[in-house]
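Chains A and B, in that order, are what the protein sequence lines are.
Residues 55 to 1096 (our numbering) are what the first sequence spells out, left to right.
Residues 325 to 941 (our numbering) are what the second sequence spells out, left to right.
It should be emphasised that the hints constitute simulated quantities derived from the structure, not laboratory data.
Check each hint, because a few of them may be wrong.
As the list claims (entries may be wrong) - Computed list of chain B residues with no C-beta within reach of chain A, every gap over 12 Å:
#: 1; residue: 378
#: 2; residue: 422
#: 3; residue: 465
#: 4; residue: 495
#: 5; residue: 574
#: 6; residue: 699
#: 7; residue: 701
#: 8; residue: 730
#: 9; residue: 851
#: 10; residue: 934
To be verified - No farther apart than 30 Å at their CA atoms in a straight line, the calculated lysine-lysine pairs in the BS3-like style are these:
#: 11; chain 1: A; residue 1: 814; chain 2: A; residue 2: 852
#: 12; chain 1: A; residue 1: 172; chain 2: A; residue 2: 483
#: 13; chain 1: B; residue 1: 524; chain 2: B; residue 2: 535
#: 14; chain 1: B; residue 1: 344; chain 2: A; residue 2: 635
#: 15; chain 1: A; residue 1: 659; chain 2: A; residue 2: 799
#: 16; chain 1: B; residue 1: 933; chain 2: A; residue 2: 757
#: 17; chain 1: B; residue 1: 933; chain 2: A; residue 2: 718
#: 18; chain 1: B; residue 1: 941; chain 2: A; residue 2: 635
#: 19; chain 1: A; residue 1: 852; chain 2: B; residue 2: 524
#: 20; chain 1: B; residue 1: 697; chain 2: A; residue 2: 447
#: 21; chain 1: B; residue 1: 489; chain 2: A; residue 2: 879
#: 22; chain 1: A; residue 1: 864; chain 2: A; residue 2: 1050
#: 23; chain 1: B; residue 1: 775; chain 2: A; residue 2: 447
#: 24; chain 1: A; residue 1: 852; chain 2: B; residue 2: 941
#: 25; chain 1: B; residue 1: 941; chain 2: A; residue 2: 864
#: 26; chain 1: A; residue 1: 172; chain 2: A; residue 2: 400
#: 27; chain 1: A; residue 1: 799; chain 2: A; residue 2: 343
#: 28; chain 1: A; residue 1: 414; chain 2: A; residue 2: 382
#: 29; chain 1: B; residue 1: 775; chain 2: B; residue 2: 586
#: 30; chain 1: A; residue 1: 602; chain 2: B; residue 2: 344
#: 31; chain 1: A; residue 1: 879; chain 2: B; residue 2: 933
#: 32; chain 1: B; residue 1: 917; chain 2: A; residue 2: 864
#: 33; chain 1: B; residue 1: 461; chain 2: A; residue 2: 635
#: 34; chain 1: A; residue 1: 483; chain 2: B; residue 2: 343
#: 35; chain 1: A; residue 1: 447; chain 2: B; residue 2: 751
#: 36; chain 1: A; residue 1: 635; chain 2: A; residue 2: 718
#: 37; chain 1: B; residue 1: 461; chain 2: A; residue 2: 718
#: 38; chain 1: A; residue 1: 879; chain 2: B; residue 2: 917
#: 39; chain 1: A; residue 1: 718; chain 2: B; residue 2: 447
#: 40; chain 1: A; residue 1: 799; chain 2: A; residue 2: 182
Everything numeric in this text was worked out from a predicted model, so none of it was measured.
Every residue gets a Cβ at the ideal spot worked out from N, C-alpha and C, and that includes glycine.
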Amino acid sequence: MYKKQLLLKLLFYPLLLLISLSSFAQVSITGRVSDEKGNPFPGVTISVKGTTRGTNSDVNGHYLITAKSTDVLVFSAVGYTKQEITVGDKGVINIALSPDLQQLNEVVVVGYGTQKRKDVTGSIASVKGDVFKDQPISDPISALQGRIAGVNVIESSGQPGTTASIVIRGLESLNQPAPLYIVDGVRVNDISNINVQDIGTIDVLKDAAAASIYGSAAAGGVLLITTKKGTLGAPPLINFSARYGVTKPKLVDDLLDRDQFVQLQNLVNPTFFSGKTETDTLPDVNWEKVLYRNAIEENINLSVTGATPTANYLFSVYDNNQKGSFIKNTSDIAGIRANTDYKLGKFITVGEEIALSQRKTDPILVDLHNAPFRTQPIIPIYNPDGSYGSDPKGYSITFQGPNPYGAVNTATAQDYTNNVQANVYADIKLPFHLDFRTTYGYTYNVYTRDYFQDSYSFGAVALANNTLYKNYVEYNQLLSNYVLSYNQSFGKHNISAIAGFEQINGSSDNIFSSMGSVALDGYTYVPSSASSGQLGLTGTYDPNNLIKSQFARVNYNFDERFFLSGSIRQDANFTEFGPDKVRGVFPGGSAGWLISDEDFFKPVKNIFNTLKLRGSYGSLGNSNILPYTYAANYSQNQLSSGVSGGTQGFAPNQPFQVANTLTKLANPNVHWETVDETNIGIDGQTLNGHLDFTIEWYNKNTKDMLYPLPLPTSSGFTQPYIANVGTVNNKGFDFSASYHNKAGKFGYDVSVNAGFNQNKVTNLSGTATGVFYDGYNYYNNGDQAYNITSNQTITETKSGLPFGSFYGYKVIGIFKTDAQAAGQKVNGNVAQAGDLEFADLNHDGVIDQDDKEVIGNPNPKLVYGINVHLNYEGFDLAMLFTGVQGVQLYNGVKAYEQSLFQDGNTTTQVFGDSFLGTNGLTSQPRLLGATPNGSQALDPNTNYSSVNSYFVENGSYFKLKNIQLGYTFSSDLLRKINVKSLRVFVMANNVFTITKYTGLDPELGSAYTTTGYGAATTQGIDLVTDYPQVRIYTAGLDVTFQ
Amino acid sequence: MLKKIYITVLAVVLITGCKKDPVNVGPTNSFSTSTYPQTISQLQTVLVSAYANLRDPGLFGFWFLPKALSNSMHTVNSLYNGDPAWNEMANTNLSVGNSYVGAAWSALYVGVKDCNVTLYAAKQFLALNPNASAADKQTLNLITGQAYCLRGWYYMELECLFGEKYMGAGGTNGTAQGIPIYDGLPTDLASTQVARSSVKDTWAFIINDFKQAQTLLHGQVWDAADEARVTEWSAEGLLGKAYVYTQDWADAKTATLDVITKSGKSLMPYATYHNAFNGQNKFNSESLFELYIDLNTNGGYGVYSGAANSAAINGLIWSPFTFGGYNANGTPFDGTENEIQPLGYGNEFFHDKNVLRFGFALGSAFNLVSNPKYNASVGPAFYNPQMIMDPVYMQNSLTVRTNNTTDPRLYVNALQPYVDSVQFDGKTWGKVAIPGQFAGNPNVYGWAVRKYAPITYNEGNGDGNPFGDVADACDYYMLRLADVYLLYAEACLNSGDNTDGIEYLNKVHRRAYGYDINTPVPAIDYTSPTSKTVAINDPVLGNNPLYYERWAELFNEGSWWFDVCRWGIGQSEATYFGTAVNLNGPIQWDNTKSYVWPIPQSEINSNAKIVQSAGYK
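One chain only, chain A, in its complex shape (with noise of 0.2 Å):
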């Protein structure tokens, strides 16, 4: 008996030992824990208080642990409410957690670490990858859309495979800096290639002090994406998500169809078809229906996600298929991941995330002016004779364009773009609280494009030879940091610093190569004999991209009541500033006070459960510009047409001689763009926890903006000059609001977010003329020429007014009379009834350059989100509002509408026009008036085409962007079949618009710019090059295995 009971201790004891070296009296407890549904719960931590003995939950959510009856169980999982138990004689303790409400718990990331939401100072914003997970969205961006606020997502384009803009806080920069992308630590430039669904939380630093630690590259806010990984103790978990969806393109539906056309150019063009009686047996083609269709969006996931003791991982394969609705256009994403942190020993732990992605496109190769404006209904798609259709003959009317839709069948082309992106890290932790974390970051992205386009004759347009580009660009980057960190608490003081240094080195490498007369069709060089002279190779290499940085921070806080924050950050750019110019330095600081812990707040408490008063002051920097703009080089000539000019004959018979020649002026002064931001908040919760909010107000002025100045086309330069210019403030206010709570079965959260901003530019020193022009209403992007307004800018920018404010003549009405109308005189002709009246600032009877003024604003005032989730037992309904308010748009598509311009089409609009054909006085002004020598002109008192605030129209918005109705089976049934959950869904993305604004779709970016750079000034602007946005409705389903 005493051998047994010794035998037994001997066993025992160290195992006693192991668990406990200081209690007996244990006792076995075992139970079940679930979650807010009652599903099983798996991966739980269950710890005894006070002790590091613990245990996890196991994949049907069964835990068995041993304590003491006066033991206190701890149970804990991210996202959840910690709940205690107290052991006393239970023997089996079942469990439901229920999701953490005080969100002063969640960890955030920060820069090269995390904080507590509670030890955070300056203004973070975080989304989980939960809510928009199933989203028909296939970049990051898009995922922010109305859920920050102060965070403006723009997805102003259906175009497949492009990625939404951002803008936080309102445009800093007249060339506005993108955000920078740091992934599971790591900085990428190219986020578009993430597969949404590996996505754990966005990050987002929105203020200088919380970015600061980023320095130079932070100064459009940083994004830091977390990807998933499994949690530890879990067992694995499958999940399969699938979804497909349908999307519908919004279009110009009114074009003139064949009878509409002749009828207005027998009003316009009387010679087009004088005389003729047959034209109802022109053909009638509709153009839009030939150029677009209705398309898809489709997406499937597959993850496994899991955990062993000493590890922890996530495998995941997608592929998002996404058919644009112009004809011939897709673009294809699949890509696969690995996550995994092992943990070699007590001490050290490794890890890595691997990314791998392939895109394929079918690129767009033509104008979208083609559909639908330049078009003819007259014009058939094939001729009789079997070539693409051009005007029917013995007309007098003529077609200039192309035959758009053979134009896109005369090209193909394929766009590959293959990423890697791999990370590795050590994490080592070091006496005296130090800890030694090293990540090494891999990027290297293909992009190539085989393109052949085919000979061909429309009519006015011919091509004589075919030719295949075979493009390859190449850009790998190498990034390597160092980080030292240090926790300690003394007492109340807790204390936790960084510091660290980074490196990033790149190298891109690129061919441009091209071979006329190919002899096969396709993507393969087979030399025709007219091949040999018509050979085209360009290539460069560059592997000088360099940037060191140094950085460190520090975090004190007195008893989790006070807390200060510094931190500073030194950059050297070693290609985008001259040699004196390499380096910058960005500091940052904030402090805190959660008030509500303080003693003489308790009477307050239950109202406000908590409260924190929060400040902060930093500077950022900014360097978006081409390399190397302080340097000037002599490169090889090229034409305003082109390389053409790269060689020029001498004599008959003899080889090109080549022409080089310096194009740029050098700016070696050129330095650092810097944002110093101000930002004041307060982050409270009340309502028992059900309501938190958080306030801001931020003032943000950025100095030595970086911007392309044109010089004077004289100087001979036309490559722009890089210069720091001007200052510009933002300023404004940032509110959210959440609230949530359960009634009985039925749960629902809605949180509410809006960013005030004002913009200005508070001045413009550094440039010639004080003042910046931009902005065309383009018929063909680039071409300021061949537009309705040719050669007209759209926006002013200067000292005074907010960036890119419209600026042209103010329309005070529509003359009703010729007498009335008298008085007015444009290029040298009288108005007429039905003429736009102008405002003539300067009372000469002539509107002119001199009379034009600032006529709109397309600074968007507010932003603004609200989301809405409700669930009741399997049920769920998600909703995503977003608007705008107090911005005006420039609606360049409306003169292609109400007018004709040129050689092509327009919409049934224009016969609502003032006194076309037999309309009298109408509320559209007159397309066709006189001119002194008594002929009829188009337009001759430009209401249609110059820059006016006939155009200019309110452009607030309010959009249900997406609904989703969502189908939780119930478990017990599907467990059988190892099914964990089974999620089935429906929704619709861009359901319903409410605005005044009378163009397509009010939600618009920037246009496109000469410039190259930034877009901030040309803001709003609505052109026919724009591809159509699309609504999509998708159904998928969403299950889990176990």
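Take the given structure of chain A and dock chain B to it, following the hints.
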């Protein structure tokens, strides 16, 4: 454990390494100003840009002649009305935003910059080669001499287009606004803010450039591989032109006579002359400065080619129409205006008023009659038309030609429909057609442009071009001896030397009729500055041999616009031509602005010191 840590740390540090701070980082695809040009041949490449730039689309590459000047001069009439900037040119009433004005301004100043870069690079070459050989130094002189000559040309073109006024004898109008002058490369933003020099200072600068060029190029004779380079005679000829344009008659006479007597150049015979504007007879005995154009674009589309070349595409615009051609299914065009093709875009034709001004006295109306040789078994085809021009009218037209009752230069400059033929594919002839919408219209001549137009191949699709490319065939004359003769004549007539003046007009006139230029031909010779010319119903050119000869001889070469402006005959020209197809109503000539092109808006927007010309404010 410690080992693992060391291995991991070491491995990561080794792999990534830490780069040293680099010094003097520069682009890898271009040459640094501090080390280039090292050699004289590198310097040569810098100069080549100043030549190549002449082919900018804004200049002789595409738009300057066919879209801008030819419309302003009304040598052509535009069928195409789809381009407002183009219509404005025909209307000789420009807006500040006119794209062809902007393009010419920009391209001419790029040319100036290219010349200034050459001069800058020449200095750098000497700095990098303090011990350059004598031969290199001589080559360097030739390079800078060419740069000065080209810069003078660019500035003269700019001044003639944009200067507020032409300077008169004794410097009248000299205080009007000229153009911004850069005597070197700007170094910073402030030095790009250049005000307009006065007309007087501008011309002084131009004249100085030509003089420097003349000195530096003295004695240089280019070998066959470099025929298109400017010489001292190009420089002196242009110098003479500058003197004439500024009414410095004495200096003008000296310079132009110097070129006439010493350059070794001579007027080419008419037979050569007839075919000197369509790709043949390049670098002939009369050529003083010629822009070399090559049919080979290396596969691309003219000046839009993605490959470096020496091409231009003006001919696309003023290409003739022909009955010749085949449909996509291989059937021949049927020989009627329902099936015709242009040898390019077919945007323009020869303005009818020019037919009369060259003295073509037959009316425009003729009938089509049944073709007696029509072969029904072949069927209607462009080589077997059912209807042909009335043989009487045909015969009369040919008689006019053979008897020289019209100025033979009409046939250098134009093609008569139904009479003349072109090769639409490099080998097959087809008769020239009237543009479709004028078919059968008795009030329209509808002739086609011949000078500088494609007439032996289809420029629109490359068919018949030996390289299959879209490109012009012809070189462009920047200066030729006939021009210098006429400049000399003008200088003589204006300085009391009517005898020499009339004689030099007659020399050019005689060549056009195929006579020996030095032997009087009483039948056609002018006898006084107001002798009648062949121009029909033309109150101005009809009685002014100087005006007429400059118009007829240099037709469609671009300089007539400057003559109209400096002589102040814009209103009478507008009246003579009346209107154009791409206009609604009469030409809106405006004496207060039409003589001057506006400073482009882009310049106004970026140059704080520029002041717009009167008439455009």
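(request) Find the hints from earlier in the document that the structure breaks and name them by number, from lowest to highest. (result) Numbers 1, 2, 10, 18, 19, 27, 33 - these are the hints that the structure violates, sorted from lowest upward.
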